[in-house]
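Novice: Read off the chains here:
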Amino acid sequence: MTRFTAAFAKPHPALVAFITAGDGDTAANLDALVAGGADVIELGMPFTDPMADGPAIQAANLRSLAKGTTTADIFVIAAAFRARHPETPLVLMGYANPMTIRGGDWFAAECAKAGVDGVICVDIPAEEDPELGPALRSAGVDLIRLATPTTDTARLPAVLSGAGGFLYYVSVAGITGQQQAAQASIDEAVARLKAETDLPVAVGFGVRTPEQATQIAKVADGVVVGSAFIDIIAEHGDAAAPYVETFTRSLADAIHGAKEIAA
Amino acid sequence: MTDLPNSLRSGPDARGHFGQFGGRYVAETLMPLILDLERHHRAAQADPAFKAEFDYLLKHYVGRPSPLWFAERLTEHLGGAKIYLKREDLNHTGAHKINNCIGQILLAKRMGKTKIIAETGAGQHGVATATVAALFGLPCTIFMGAVDVARQQPNVFRMKLLGAEVVAVESGAKTLKDAMNEALRHWVANVHDTFYIIGTVAGPHPYPELVRDFQSVIGDEAREQILEAEGRLPDMLIAPVGGGSNAIGLFHPFLDDADVEIVGVEAAGEGLDGKHAASLAGGRPGILHGNKTYLLQDEDGQITEAHSISAGLDYPGIGPEHSWLHEIGRVRYEPVTDAEALASFQKLTRLEGIIPALESAHAIAAAERIAPTLGKDKIIIVNCSGRGDKDIFTVADALGVDL
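Those protein sequences? They're chains L and A, same order as listed.
Quick note: the first sequence uses the numbering used here, first residue 1013, plus one each step.
Quick note: the second sequence uses the numbering used here, first residue 4, plus one each step.
Don't take each hint at face value.
Stated by the list, open to error - Heads up, incomplete: computed chain A residues facing chain L, CB under 8 Å, no partners named:
no., residue
1, Arg27
2, Ser174
3, Ala192
What the hints contain is simulated information worked out from the structure, not anything from laboratory work.
Note that CB positions come from ideal geometry on N, CA and C, so glycine has one too.
Based on the provided sequences and hints, a complete structural model is requested.
Specialist: Next comes the structure, spelled out in structure tokens:
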């Protein structure tokens, strides 16, 4: 059983939490996410040109890079996290260039060595899978694919081919941290995706409050929250961990209890 | 595009790759739209009515064909090969950019898109896009780095006069790269009704191919014109390369003519040891803005800032087909510094009465270096890709003149 299957086999939907590596006290914030009840953690790899991100995560990327965060630093953070938290799945999320600049094989090997369970690459669609997919799969690291409102039924099999871990449904056509999708469209999309895959489906983009998360958790296997954490870290800097933990707990309580509320 | 088995003109392959370069490195949200664009481009290529409308607009609106001018005084001054200038500066809006904008807005119309967006650096592509949007009555939003907005006020005002909304981009270094990021962000949230007119032969497939196809009118005309003037093909082509759309437009129709030497000119800024925009000379392959190509970047793949006196060359990447032509050695790429371009800007103005764009001045500088080393029986075609009126403030500033 992988850490992903264990996380999604819990008797409740999963809170998938995103923060940017090197923005604030990352180790403390990661511990706060676990303590607060996050089930899966996505660690953002900062990039100079985060094309799919809204203002909050763009700023987090630049803050991290301004502090001199390197790819090597990120793997150190990941390996230390794995040593402290043997069970919580850890995902690296980011853009193609930093992931492939030393070759896909190098990146996949470093992920495996650091105990990273999965990778989300925003700008490598299924069509460019050879860039990273084969290397990750042979290193035993799951490639987590994104499905979006524009991913039609004809395209979905290509998106699912080679995918692992969970399927990340980007609920709005847009960038991170902006508007939220209509709940009805999320219900419909999750049902459609679950008919086509056995992978757990986590829904994200624009989810900022426990109330929104509760609604989504009634239908999805996981709820992804990112920009709202980034806002807390932006506000509190290196002292953000207690605030991160409190907010995590409010989200986790809402998401973990959502299905009972529904029943 | 030809189908000869050994043609250098048959790329990209079905996946949009030129060798290892190119491709479609975009977010999943954009992928279905990119595939749809490719289908419409293929259909347009096969539709004589599309070509007829494109040709009509190029002739009667843009003013094509642009002349091929024998620069006799420059040639005499340099004392070597005969230099011809392909006068893209005489196009409507003052540069080659409009060729591509006409083609893409016809595609937008064909796809039923009702809104136009574009990125711009110096403002030339922004002005050309705003122009065709006005002509077709479509609302248009131009993304421009805040730094560029401040230093290119005349073009900002032109775009506004043409009815475009100009968004000053405050992220990153606030220049062309960041404008493109912001245009992509806007596009991903508005894919249902918005067409993105990319200004150069970069971005995800099929953009590098379709922009090249629309710009190849430059080389097709030059070929015909030089045959008429000289009765033979030129010995060399020279063009400036930022993203590389004017250059590929001139080069592509000659790629299979092995006797025609081809030179692309990269902006070396303050010199290759300092701040520059020469992606091939100073960069290495990576992935940005939807394609794999040579990029200025650090060892972790973080993109570094480009610099050139010419805002149109101030970009840390280059079109993927150029990266491929560089790697296979078909095109030689040479650097030219700000100072060399500035000197050639003034020289061409004085000798020929033609004020070239600073981008074009880079190609003139390379011609000045090369022409004297060639015999008087040799022929060079230089792409005068744009006119320099837009640059007079930059040039005055560099020369210490207070306007």
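Novice: Does each hint hold? Answer for all of them.
Specialist: Hints, verified against the model:
1. Arg27: Holds, because the Cβ-Cβ distance from A/Arg27 to chain L comes to roughly 5 Å (cut-off 8 Å).
2. Ser174: holds (6 Å)
3. Ala192: Hint holds; A/Ala192 Cβ to chain L Cβ min 4 Å, cut 8 Å.
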